[in-house]
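A.B. asks: Respectively, the protein sequence lines represent chains U and V. Residue numbering for the first sequence follows my numbering, beginning at 1 and increasing consecutively. Residue numbering for the second sequence follows my numbering, beginning at 1001 and increasing consecutively.
These are calculated hints, taken from the structure and not from any lab test. Misleading hints may appear alongside valid ones.
Quick list of the computed label-pair ranges, beta carbon to beta carbon [what the hints assert, rightly or not]:
1. Gln1014(V) with Ser269(U): 44 to 52 Å
2. Ala1017(V) with Ala271(U): 52 to 60 Å
3. Ile1058(V) with Pro160(U): 26 to 34 Å
4. Ala184(U) with Gly1175(V): 35 to 43 Å
5. His23(U) with Arg1135(V): 48 to 56 Å
6. Asp1210(V) with Gly140(U): 49 to 57 Å
7. Lys1107(V) with Asp82(U): 36 to 44 Å
8. Gly1175(V) with Gly175(U): 46 to 54 Å
9. Ala1017(V) with Gly263(U): 46 to 54 Å
10. Lys1107(V) with His187(U): 21 to 29 Å
11. Arg1135(V) with Asp82(U): 21 to 29 Å
12. His23(U) with Pro1219(V): 50 to 58 Å
13. Ala184(U) with Thr1302(V): 42 to 50 Å
Source: prediction; values computed, not measured. No residue lacks a Cβ here, since even glycine has one placed at the ideal position from N, Cα and C.
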Amino acid sequence: MKAAPFAYVRPGSVADVVGELAHDDAKVIAGGQSLVPVLAMRLGRPGLLVDINSVSELDRLSREGDSLRVGATVRQRRLQDDALSAAVPLVRLALPWVGHREIRSRGTVCGSIAHADPSAELPAVACCLEATMVLASTRGTREVPAVDFFTGALSTAVEPDELLAQVVLPVAKPGEGFGFGEFARRHGDFALAGVAVRVRTHGASPEARLTCFGVSDVPVPADVSALLRAALDATGPSPSRAALVCALAEDAGDVARDLVDTGGDSHASPAYRRRLISGLVAREVASAYLKATRSELERDKP
Amino acid sequence: MNLPETRARTEADQTVAVTMTVNGSEVAMSLPARVTLSDALRDHLGLTGTHVGCEHGICGMCTVLVDGDAARACLLFAVQLDGAEITTVEGLGRQDDLHPLQEAFGKHHGLQCGFCTPGFLMSSYDLLTHEPEVRREDLPAELSGVLCRCTGYRNIIDAVDEVAEAHRDGLPGPGNCGKHALVGRTPAGVSGSGAAAEVAADEAASGHPDEITLPSGEPTIGIEVTSQLSSSPEQVARVFRDVRLLARCLPGAELTEELGDDWYAGRARIALGPVRLSFHGLAQVLEQSDERIRMNAQGKDTGGGGAQARIEMVAAAREDGGTSLQADADVFLTGRIAGFGRSLAGDVSRRMFEDFARAVDRAAAGEEPDASARPPGALSLLWSTLADRTRQRVRRVREARRGRRPRGRHGA
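So here's chain V without its partners, still in its complex pose:
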């Protein structure tokens, strides 16, 4: 392990710069020295999978990996971890591709309320990585660094023992480490991914960054929606050429500023039942023609979530004179919104694109798009999402391709 670089004295009311790698992403933060790693992960990077219990090193809820070894994030000051490599439970597996330990905890009912689960997962990951030959009878003592108040440990031991048996020759590594956008919950916004911090600096200087860097790896949601519009391709082209009009077609969205060079600032509000999201962000139009528009966008939810997206829309003429509008998007979510079920977030996003397509159809016909006037209706959007899911279950039997609906409800 490399030693951290030296730091000159920083007074108690100042912040200290620290750079570390979290789940494969390099992050640069500037924090008061007294901020613990657990608080930095949760509040400044939006990684709330690391739970905080006692905050003085007893309960083990906040266990993470520091340079491959389990450690308690509440007993480390973040500024001490300059140059360190941190892995949190978010880095262990993906919702659609869980780590074997996560699978086993589910299978054996190794969790009830779930509060201790991140701690147990990271502690047992460390154990099985360093002592793959561990015997079942030693597991209670070896896992004693984490407390559980629900299941009584028996099922946790069963889960860890099963994974140990199955992986004596080596436990698979963390399955979700790569470049992610990390956005904190702290309104002060003293933190962010290295890229985001640079973006903030660039924005202050010129209004927008040089480019929007999308994370590598799997998007949180992949959307592919084709809608049938009654408007002609020529009418749709008129909307495609007008970014202001296009923005008004997006439910809940509002174009607030044209920054020049195909850069736009805007905000979007989304309401889902009790959930209220309000995004402020930037979009860069990369390609704009009569039949194609391609853009990258990034936004920050005021409540502490982030979204980045690569969006492409293609309009094609249909035989009946109407237009087929295909939308493809890769959306990367972080922070609290990433906590939504992946499929629910996907359903909501698809619904938004369908509403968008309908609004484009209206705008193309010369009507007011009527989408920007209000955020997507709380109840209506959620209801239609849920109703859609029920219908989809029936439809899925016939529809082989995921994400592609046979025909938009609002089409011609």
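With the rest of the complex left out, here is chain U:
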């Protein structure tokens, strides 16, 4: 379990980083919490690692208008603990599920998104929130919406010579509520199935958007406003949590059937994952709606 030899460079600016990435066979390393296991198992043997930890402009976490901008070297734990992330409740719900505290100490938000593991939490959060990815290269910068960013397992829109310099997370608006849940064999393991939910109640009728993960090779977004409205028709606009979960569960199985397209593995069959998603959708859409309507009385617990 030792990485193969590689050349190493630690530039001090984004311009220098993308200059290095223009070389063949270069790979960015920030926290390394996804990359180092890949190197240790020699699943990957890049010729050059470009360490971006000396670039101060990538170490920024800032609120700009309705966005929270998370630089490429911002650790997951820093985002979790920083007061700024209170404006993005979904990311706060999701981060405790990312690996373990020891992983989040070093692992970066952008790194997890760029690695694009199909079972990872943060790509699903980015999709659910309709975040924007900022990519830098010697050709300049470009922005890619999260829904177009994930192209397959461990594959993204990032070109080999590009750096995911920043992820732009929209801050929560009044009337929005969020839910997040996952099932894993042990806490901190990759999720067998998980769901991130955003509900909006500001308009005439509530909207619900979710993103499933662990059930396909990419995060799977879906609009489930119809599911929520049908459930609310059955329960009335101020249901109890239990009543709403039950009402949502009526049709959550149909949603799950459409969303789960994994072939399954030794840990969980597709059928089992559909059941997990069905339960998670009912529970977390209810939770998000109740938070959005501020009628949440029960203790919020992931």
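Following the hints, put chain V in place on chain U, whose structure we already have.
C.D. replies: This is chain V only, laid out in the frame that chain U set:
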């Protein structure tokens, strides 16, 4: 946290310079970029308390603190940690002054084989430092970053919960961080403490460094032995004045080179049962008179341990015409030899000083010291150490002062 300094491109077959603080000691290393922090700690700094399990970030055995936060040392390349502050389990507590977490793990039998213990200690230290209000029911999830295959976690939870309850207002910090000599196990010796690296450079230039820098803080062993010699003070003075003769009195030691300016190079072999240590090192005589000799010494065990010592010996006349020889030494051990029980290492060292005193007595009387001919006998030394311990238990009742024997067995 300060950002690491930039580094120009280093090719795959070259090494990268990195400076970090480990348990309070600044260390400078030059490593291939692919060396993980766990390997650097273990192989290059001799800190084998950090265990290595899966080496791909699953098991948590290698958990250390990086700038105060727990992280997996196998998932970090050491060269990335330029300027970082690392705390390992060695920095958490001392054998005679354990950290409350270590005490609690012992009390609750929170370990069986001990392999996961460093990981659990560092992970729970991080948890209780950052979340002192953590509830017992959350401990299983909060500690899920480390795996244990022996005790089934229940006792570990008990131990951490007890410490959490006792320290809601703040967990005591690591109790063993200070300047230590860190010596690696890698024969190539590309590493060492900042001081040691400088020493190596100096040695290459002039044969010896300007001075031997001893670590601050508590020595691993403090030795205080008084032996009664039958030789007269004048006879002992003759030995004190002759460093070559003196060296031959030290069991297993051999003076290999006189470097001038009161500097000497030598080697020492010690055999204890299956344990074989072979030290190469330097000594600087700081004071040398008829009745007093004072020196600093440092040595590196070929197997990956290090020792530094401050030694003072004083000879005093006795009423019966003999000489009382008092030896005081502060010994700092690192690497695998530091893994010996502190008391066993102390006992062995005291025994060596007693043998030394006997040899000085013989040399003073004009006989061949007979100590350098062979390393201290494996069995005899260990036996006498163990036998001594049994006797000491009886004697300790009467002897109030630790480390001071009423009278050397080989005295007059």
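A.B. asks: Taking the hints in turn, state whether each one holds.
C.D. replies: Cross-check of the supplied hints:
1. Between glutamine 1014(V) and serine 269(U), the C-beta spacing of about 50 Å keeps the proposed range 44 to 52 Å intact.
2. Checked against the hint of 52 to 60 Å, the pair alanine 1017(V) and alanine 271(U) passes, with Cβ atoms roughly 55 Å apart.
3. Take isoleucine 1058(V) and proline 160(U): their Cβ atoms lie about 28 Å apart, and the range 26 to 34 Å holds.
4. Between alanine 184(U) and glycine 1175(V) the beta carbons are some 36 Å apart, a value that agrees with the proposed interval 35 to 43 Å.
5. Hint check: histidine 23(U) to arginine 1135(V), Cβ distance near 51 Å, so the stated range 48 to 56 Å holds.
6. Taking 49 to 57 Å as the suggested C-beta distance range, the pair aspartate 1210(V) and glycine 140(U) conforms, at roughly 55 Å.
7. Here the CB-CB span from lysine 1107(V) to aspartate 82(U) is close to 37 Å, well matched to the stated 36 to 44 Å.
8. Checking the proposed 46 to 54 Å range against glycine 1175(V) and glycine 175(U) shows it holds: the Cβ atoms sit about 52 Å from each other.
9. Remark: the range hint 46 to 54 Å for alanine 1017(V) to glycine 263(U) is upheld by a beta-carbon distance near 48 Å.
10. Between lysine 1107(V) and histidine 187(U) the C-beta distance comes to about 27 Å, which sits within the given range of 21 to 29 Å.
11. Distance hint check for arginine 1135(V) and aspartate 82(U): the Cβ-Cβ separation is about 23 Å, which falls inside the suggested range of 21 to 29 Å.
12. Between histidine 23(U) and proline 1219(V) the beta carbon distance is about 51 Å. The supplied range of 50 to 58 Å therefore holds.
13. Checking the proposed 42 to 50 Å range against alanine 184(U) and threonine 1302(V) shows it holds: the Cβ atoms sit about 47 Å from each other.
Of the numbered hints listed earlier, not one is contradicted by the structure.
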